Amino acid sequence: MFEAAPHPDSLKLAIAGLAIVAGLAFIAVNFRRRSLARRAASWPAVAGTITQSRTARRWGLGNGIWIAGLWYVPDIVYRYEVDGRTYTGRKITLADTGYPKLRAAREIIDRYPEGTAVSVFYDPAKPKRAFLEPQREERRTLGIAVLLLAIAGAALLAG
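In numbering that gives the first Met the number 0, the protein residues as written are 0 to 158.
What the hints contain is simulated information worked out from the structure, not anything from laboratory work.
For clarity, every value in this text was computed on a predicted model and none was experimentally measured.
Any given hint might turn out to be false.
Straight line, CA to CA, 25 Å or less: simulated SDA-like cross-link-like pairs of lysine to any residue [said to hold, decoys possible]:
id, residue 1, residue 2
1, Lys90, Val45
2, Lys11, Leu23
3, Lys90, Val72
4, Lys90, Tyr111
5, Lys90, Val117
6, Lys100, Gly68
7, Lys11, Gly22
8, Lys90, Ser34
9, Lys90, Leu69
10, Lys127, Ser52
11, Lys127, Ser34
12, Lys11, Ile150
13, Lys127, Thr87
14, Lys127, Val117
15, Lys90, Arg37
16, Lys90, Arg78
17, Lys125, Pro43
18, Lys90, Val76
Could you put the whole structure together from the sequences, leaning on the hints where they help?
Now the structure itself:
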């Protein structure tokens, strides 16, 4: 009739295991983003034109800290040409993001009104991969990974 409660040590190990897995996942995502950002720093740029500029509301993960909720997203579409072929892009930065406040998304939209001429940075190996703004490396993801690993280590040591 009665179920035994899980042993406290097994609960600690489970929490530590989950924290370690999550921390390693954050590190992997961060490594991939940084690797792409380093390669993208040398991508060529071509002229493009903004064809759509608006904000959208989306449910999902937000601004790089992975908090679920309703986010305001800059919804920008641009057209550009590489080697005689026309492409359409939507990415502003390599790691596009959402914002909890409409004002933050509008600040980006205001920089890119429809019809504006822009520089589009594209991947020469895959020209459909493109973005408008070179981006600084995000350190938030790595910080979260380190925090999760520290929690896991503390849980293991406390046992």
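How the hints compare with the structure:
1. For a cut-off of 25 Å, the pair hint linking Lys90 to Val45 stands: about 15 Å separates their Cα positions.
2. A C-alpha spacing of about 18 Å is found between Lys11 and Leu23, which places the hinted pair at or below 25 Å, so the restraint holds.
3. Taken as a hint, the Lys90 and Val72 pair is honoured in the structure, with Cα atoms around 11 Å apart against an allowance of 25 Å.
4. At most 25 Å may separate the alpha-carbon atoms for a hinted pair to count; Lys90 and Tyr111 meet this at roughly 12 Å.
5. Note on Lys90 and Val117: the hinted pairing holds, with a Cα-Cα distance of about 13 Å set against a maximum of 25 Å.
6. Between Lys100 and Gly68 the CA atoms are separated by roughly 12 Å; this keeps the pair inside 25 Å, and the hint holds.
7. This hinted pair checks out: Lys11 and Gly22 have alpha carbons roughly 16 Å apart, not beyond 25 Å.
8. Between Lys90 and Ser34, the direct Cα distance comes to roughly 18 Å. Compliance with the 25 Å bound is thereby established for this hinted pair.
9. Proximity of Lys90 to Leu69 is assessed by CA-CA distance (about 19 Å); at most 25 Å being required, the pair is judged to hold.
10. As the CA atoms of Lys127 and Ser52 are separated by approximately 19 Å, the hinted pair is consistent with the 25 Å bound.
11. Between Lys127 and Ser34, the direct Cα distance comes to roughly 19 Å. Compliance with the 25 Å bound is thereby established for this hinted pair.
12. About 11 Å separates the Cα atoms of Lys11 and Ile150, which keeps this hinted pair within 25 Å; it holds.
13. A hinted pair counts as satisfied when its Cα atoms are at most 25 Å apart, and Lys127 with Thr87 qualifies at roughly 7 Å.
14. Between Lys127 and Val117 the CA atoms are separated by roughly 16 Å; this keeps the pair inside 25 Å, and the hint holds.
15. For the given pair, Lys90 sits about 17 Å from Arg37 by alpha-carbon distance, which is consistent with the 25 Å threshold.
16. For the given pair, Lys90 sits about 11 Å from Arg78 by alpha-carbon distance, which is consistent with the 25 Å threshold.
17. Only pairs whose Cα atoms come within 25 Å are accepted, and Lys125 paired with Pro43 is accepted, the gap being roughly 12 Å.
18. Between the alpha carbons of Lys90 and Val76 the distance comes to roughly 8 Å, so the proposed pair stays at or under 25 Å and holds.
The structure agrees with every numbered hint stated previously.
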